[in-house]
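Q: Residue strings, one per chain:
2 protein chains.
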Amino acid sequence: MTEFGFIEHIRKLFAEFPARGFEGIGDDCAILPIGGGEALVFTSDLLTEGVHFLRRATTARELGGKSLAVNLSDVAAMGARPVATLLSVALPRDAAEGWALEFMEGYRALSARYGTPLVGGDTTRSESGITINVTAIGRCPLTHLKRRRDALPGDRVFVAGELGASGTGLQEILAGTPDTPLAAVHRNPEPQVDEGVWLGTRPEVHAMMDLSDGLASDLGHILDLSHVGAEIELERIPVAAGSDLRTAACGGEDYKLLFTAASECAERLAAEFQAQFGHPLYPIGRITSGEGLTWLRNGHPEALDWHGFSHY
Amino acid sequence: MTEFGFIEHIRKLFAEFPARGFEGIGDDCAILPIGGGEALVFTSDLLTEGVHFLRRATTARELGGKSLAVNLSDVAAMGARPVATLLSVALPRDAAEGWALEFMEGYRALSARYGTPLVGGDTTRSESGITINVTAIGRCPLTHLKRRRDALPGDRVFVAGELGASGTGLQEILAGTPDTPLAAVHRNPEPQVDEGVWLGTRPEVHAMMDLSDGLASDLGHILDLSHVGAEIELERIPVAAGSDLRTAACGGEDYKLLFTAASECAERLAAEFQAQFGHPLYPIGRITSGEGLTWLRNGHPEALDWHGFSHY
Numbered sequence: 001m002t003e004f005g006f007i008e009h010i011r012k013l014f015a016e017f018p019a020r021g022f023e024g025i026g027d028d029c030a031i032l033p034i035g036g037g038e039a040l041v042f043t044s045d046l047l048t049e050g051v052h053f054l055r056r057a058t059t060a061r062e063l064g065g066k067s068l069a070v071n072l073s074d075v076a077a078m079g080a081r082p083v084a085t086l087l088s089v090a091l092p093r094d095a096a097e098g099w100a101l102e103f104m105e106g107y108r109a110l111s112a113r114y115g116t117p118l119v120g121g122d123t124t125r126s127e128s129g130i131t132i133n134v135t136a137i138g139r140c141p142l143t144h145l146k147r148r149r150d151a152l153p154g155d156r157v158f159v160a161g162e163l164g165a166s167g168t169g170l171q172e173i174l175a176g177t178p179d180t181p182l183a184a185v186h187r188n189p190e191p192q193v194d195e196g197v198w199l200g201t202r203p204e205v206h207a208m209m210d211l212s213d214g215l216a217s218d219l220g221h222i223l224d225l226s227h228v229g230a231e232i233e234l235e236r237i238p239v240a241a242g243s244d245l246r247t248a249a250c251g252g253e254d255y256k257l258l259f260t261a262a263s264e265c266a267e268r269l270a271a272e273f274q275a276q277f278g279h280p281l282y283p284i285g286r287i288t289s290g291e292g293l294t295w296l297r298n299g300h301p302e303a304l305d306w307h308g309f310s311h312y
Numbered sequence: 001m002t003e004f005g006f007i008e009h010i011r012k013l014f015a016e017f018p019a020r021g022f023e024g025i026g027d028d029c030a031i032l033p034i035g036g037g038e039a040l041v042f043t044s045d046l047l048t049e050g051v052h053f054l055r056r057a058t059t060a061r062e063l064g065g066k067s068l069a070v071n072l073s074d075v076a077a078m079g080a081r082p083v084a085t086l087l088s089v090a091l092p093r094d095a096a097e098g099w100a101l102e103f104m105e106g107y108r109a110l111s112a113r114y115g116t117p118l119v120g121g122d123t124t125r126s127e128s129g130i131t132i133n134v135t136a137i138g139r140c141p142l143t144h145l146k147r148r149r150d151a152l153p154g155d156r157v158f159v160a161g162e163l164g165a166s167g168t169g170l171q172e173i174l175a176g177t178p179d180t181p182l183a184a185v186h187r188n189p190e191p192q193v194d195e196g197v198w199l200g201t202r203p204e205v206h207a208m209m210d211l212s213d214g215l216a217s218d219l220g221h222i223l224d225l226s227h228v229g230a231e232i233e234l235e236r237i238p239v240a241a242g243s244d245l246r247t248a249a250c251g252g253e254d255y256k257l258l259f260t261a262a263s264e265c266a267e268r269l270a271a272e273f274q275a276q277f278g279h280p281l282y283p284i285g286r287i288t289s290g291e292g293l294t295w296l297r298n299g300h301p302e303a304l305d306w307h308g309f310s311h312y
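Residue numbers (the UniProt record's numbering), protein chains in the order written: chain F, 1 to 312; chain A, 1 to 312.
It is possible that some hints are incorrect.
Identical chains share a label here; the pair holds if one copy fits it or two copies do between them.
[Unchecked claim] Calculated cross-link-like contacts (lysine to any residue; reagent style SDA-like; alpha-carbon spacing at most 20 Å): (1) Lys-12 x Ile-25; (2) Lys-12 x Leu-225; (3) Lys-12 x His-221; (4) Lys-12 x Ala-184; (5) Lys-12 x Asp-224; (6) Lys-12 x Thr-180; (7) Lys-12 x Trp-99.
By construction, these hints were calculated from the structure, which means they are not laboratory data.
Using the sequences and the hints, build the whole thing.
A: See the structure below:
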């Protein structure tokens, strides 16, 4: 059973449950409208040693930041502002004391940057391996929420930053050279929090998510849930310096925003985004009324057996 | 550094953060008022193999129920009704497929009993050992919220069920006899959800929490946060059949509600609780204007070096 198979199984198990006002599984976050035209959003991510990180290849401080960053990114991908987190950590004896304090320093520093208080959680001993779970809570006007299911044929597809740096960094870590600039990018992802909140305010932005498993895989979720297809121009994928096209399209953990927007508004949106944030949006293709993801090279479809990313 | 030392360190790290409307660390749950006179509450609990459970001594189905139960208990201890959960599970290869499906059956069955949808979470591989994190969300009128800090001198101290069954069951599991009735109680805790919600509606109930680490330890949190003391009459502690007084006072994981209530309302409260739920409240002592916990035997203080419970 794959992870997606298990999630699909879980979704069916709970399909008949009362919703209690929640929009559940399927987006980056669960959504709860709370009255006054506002909603809260919720997400949890679990990081386990040896699967999501190697202790010898990251500092505790970096890992503290990354544990939070991946959750803030999920909140921002809904168009919401993160407002608080809960942190659970299981620590083996050889990661107590100094390691734990350093981890918390990294967690605190990124929390300070986005003003998110730590409001709860759990700490416990582990018999083997570090495990970290973060639950992030976000908040925004209902009308700002962006879902994966809302892409429309004709929409322009954008990514909000260059891709592949994290994937190449991971390759370098696994090759035994963890001291490269891109390996540092992999260990220190920057969630696009302000960008996500800003894009949330724009009604011309339709579907949005963050890139955690790679464009080739993640865009598929938008297409499936929106019942649309997409044509992506390989030449337009913004490849980070030092990376390569395939890693940019298939590597994971870039944590850049991927979204679709009404094409007639696309140029003004991109110009205003550039003015606001000092870095560009990258238009990489368009949504079609077809099915699935088509790669285009020089305007012609190219069959590529490209898939998303698996962890260590 | 102890667990409490680490939590205290974390509390200080975040002391200067913006609250964003949250009441944070210190109670069973974090609290967020959401307007309309209502609040949401949030709690997370992490269970790790070898520390919180032994795979050979529990079925996957039981563990699925217990993972949820301990969180529902925290929500109920605030006087709130659980409305949804997020579940993160890390599974090693030898707990995939059948184990995972059985675990979800147990989680679903208890979710169905309390009508709590599963709205999000994460599933991932683990290199070693099963880890489970549940985040539970509850909801209630602001005026129903019960905190640990609100005990008043003169209050009667109550527990809402018999104690010690889980602790004795754990002793039996560790002694190699996991097939006893009390061992089954340890593996299948029953959160007092309806009782907590009902007690939340009663203004004469002041401080409340759930008993997870044992009366001797948990009551100390209420006393510390309320700046009061307590006298507990040993004869009045309700010892579950097959358990003993010391285990009832010090054993963990009973998940019964512990609370204080205005003494002039105590008898009527107990009578109405009995009528509502068909089982009694147990008055076990009273809150004083002093400090710390005093055990009384036949009305006389008795020095006992009794402490709370540690996991496996």
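Q: Failing hints, ascending?
A: Violated hints: 4, 6; rest satisfied.
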